[in-house]
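S.K.: Here the structure of chain A is known, so what remains is to put chain B in place on it, guided by the hints.
Top line first, the protein sequences correspond to chains A and B.
When you number the first sequence by the numbering used here, it's gap-free, plus one each residue, and the end is 424.
When you number the second sequence by the numbering used here, it's gap-free, plus one each residue, and the end is 377.
Honestly, I wouldn't trust all of these hints.
[As the list claims (entries may be wrong)] Estimated spans, in silico, between C-beta atoms of each pair:
id, chain 1, residue 1, chain 2, residue 2, range
1, A, V405, B, F129, 49 to 57 Å
2, A, F357, B, P66, 38 to 46 Å
3, A, V405, B, T82, 21 to 29 Å
4, A, F357, B, T8, 36 to 44 Å
5, A, F357, B, T82, 25 to 33 Å
6, A, N361, B, L148, 54 to 62 Å
[What the hints assert, rightly or not] Facing chain A, a subset of chain B residues (Cβ under 8 Å, in silico):
id, residue
7, Y15
8, L20
9, W28
10, L31
11, S81
12, S88
13, F89
14, V95
15, T97
These aren't lab readings, by the way, just hints derived from the structure by calculation.
The beta-carbon is built from N, C-alpha and C at its ideal position, and this holds for glycine as well.
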Amino acid sequence: MTFETTLFILFLIGFFLLVYTIIVLVKRKEYENKRIFPGYNALVFGVIFLALSFLVKTLKFGFLAFKESLILDYMNYFDVATQIVLLPLFAVSLFVAMLLFKEI
Amino acid sequence: MPLLDTFLIVQKYVTALLFLLIALSWFQLKKEGIEGFFRKPLVIRFLLFLGFPFIVLAVPQFSPLTALFVESIGVILFSTVLFIVSFIEFKNVDTKRLHDLQDIMDKPKHPIALEFARKIVEPEIAFLHKEERRLRSFEKSVHSRLKKKEQALDIKVKTDAVREKKLKEQETKTAQELEDLRKKTKLLNTQEKEFNHQKEEIEDKKEEIEVIHLRLEKLKEKDKQRKKELKKERKELDTEKKHIDELTKNIKKQEDIFAKNEKMKEYLEKRKEELKQKEKEIRERFVGLEDREEDIDDEKNEIAAQRRKLDAEKAKVDNLVESYNKKRSELLILENQLDDRKEDIERLEKILAKKEKELDLEKGELIRKQREMMK
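The shape of chain A in the complex, shown without the other chains (with noise of 0.2 Å):
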């Protein structure tokens, strides 16, 4: 197994494991104060931008792995996207959510 590979399943499994944690922490919101829903929200919108920034690295190294090398560039460009959009949003919708936590 190549380097690419190992990387591709790693981000794959991560992005499914983030993908079912939204569901849950989604389903665990009625459960919850209602106070506290726009600081949740903003949670759930951080991993959520944690999500998409892992499925364009699976993406990423999924054409690297299967050698696809016309849309590697485009990938590659949109990886240098997501490092300078996706996770700083992810980082500051985590700190709205701290800020909301702290309003209450």
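M.R.: Leaving out everything else, chain B in the frame of chain A:
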């Protein structure tokens, strides 16, 4: 690109800083008592830990490969733990809520329980009563329908019994008919067999006829071929006939010519004989003349001269005779060539006639001279 790299590094620092701020604020919240709002804030704690790899990534000493591994493994580890913890917590919360609800149900004097009964259980009971009524009415209607159907079935049973009787009678009749039919079928089978036998015979005959037909066709073909051959032969015969007719015509012509030639021959022979007779007469006369010449020789010398003249004339006559003989031979040759030389012969005849006349004239002259000599 270096601008982009710097931008990326800055972004990493920003995210790391944000995560650090989040962590600090979380600890502050914990001190303030945020846990009161959450039943178990483990999930949020782990969510915060998700940012840990990104804080590590912000350290500039790591190579991109190690950074990738740290990111991937860290995030996967935290996500798995987060998933497991969140799932277990969700299950626990769900079961706890169920227990609470059961407690409320067990304590009917509880104000929430009463409200719950009023707002949730009562409408459900009313709905169930409605359903029960509806089902009872449906049951009644079904019973009435069933009774009607039973009555209809009784009537049907009675009618069926009558029908059964009729059917039994019909059965007996049909059994008899069946026996008759069996007999008939046996007869039909025998007839069928005979028929089949006849059919086979007919088919055999048909095959024979077909064979004969085939033979006939072959014979017809042969006849056609023969007719063609006969036609060819007829054509050949016709051509040969034409050829033969032409040949017969030619033969007839030749026969006619031959007949004419024969007639001519006969005529010429007659003429020859006449000439011979004349020759004989001339010779006889010549002999007489010779005798008289001898007499004259003896008597007179002058006559000798005349005799010489006569000899010359005789030579001339001999020459004439010889020419005559030659012409005769020529005539004989011409006789073989008959058709073509008729005219020659006629001409020669004319010439001969002329020459005969001349001879006659000469003879006449000779006779005169002889008479003069005699005188």
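S.K.: A separate judgement is required for each hint: does it hold in the structure or not?
M.R.: Hint check results:
1. The supplied range of 49 to 57 Å is met by A/V405 and B/F129, whose beta-carbon atoms lie about 52 Å from each other.
2. Checking the proposed 38 to 46 Å range against A/F357 and B/P66 shows it holds: the Cβ atoms sit about 40 Å from each other.
3. For A/V405 and B/T82, the Cβ-Cβ distance of about 26 Å falls inside the hinted range of 21 to 29 Å, so the restraint holds.
4. Checked against the hint of 36 to 44 Å, the C-beta distance between A/F357 and B/T8 comes to roughly 39 Å, which is consistent with it.
5. The hint said 25 to 33 Å for the Cβ distance between A/F357 and B/T82, and at roughly 27 Å that hint holds.
6. Between A/N361 and B/L148 the CB atoms are about 59 Å apart, so this pair conforms to the stated range of 54 to 62 Å.
7. The restraint placing B/Y15 at the interface with chain A is violated, with a minimum CB-CB distance near 10 Å, outside the 8 Å limit.
8. Here the hint on B/L20 is kept, as its CB sits about 4 Å from the closest CB of chain A, short of 8 Å.
9. At a threshold of 8 Å, the smallest CB-CB gap from B/W28 to chain A is about 6 Å, leaving the interface hint in force.
10. About 6 Å separates the beta-carbon of B/L31 from the nearest beta-carbon of chain A, less than 8 Å, and the hint is met.
11. This hint holds: B/S81 has a C-beta 4 Å from the nearest C-beta of chain A, less than the 8 Å allowed.
12. Annotation: B/S88 was flagged as interfacial toward chain A, and the flag holds, the nearest CB pair being 4 Å apart, inside 8 Å.
13. This hint holds: B/F89 has a C-beta 5 Å from the nearest C-beta of chain A, less than the 8 Å allowed.
14. The interface hint given for B/V95 holds, since its Cβ lies 5 Å from the closest Cβ of chain A, which is under the 8 Å cut-off.
15. The restraint placing B/T97 at the interface with chain A is violated, with a minimum CB-CB distance near 11 Å, outside the 8 Å limit.
When the structure is compared with the earlier hints, violations turn up for hints 7 and 15 and for no others.
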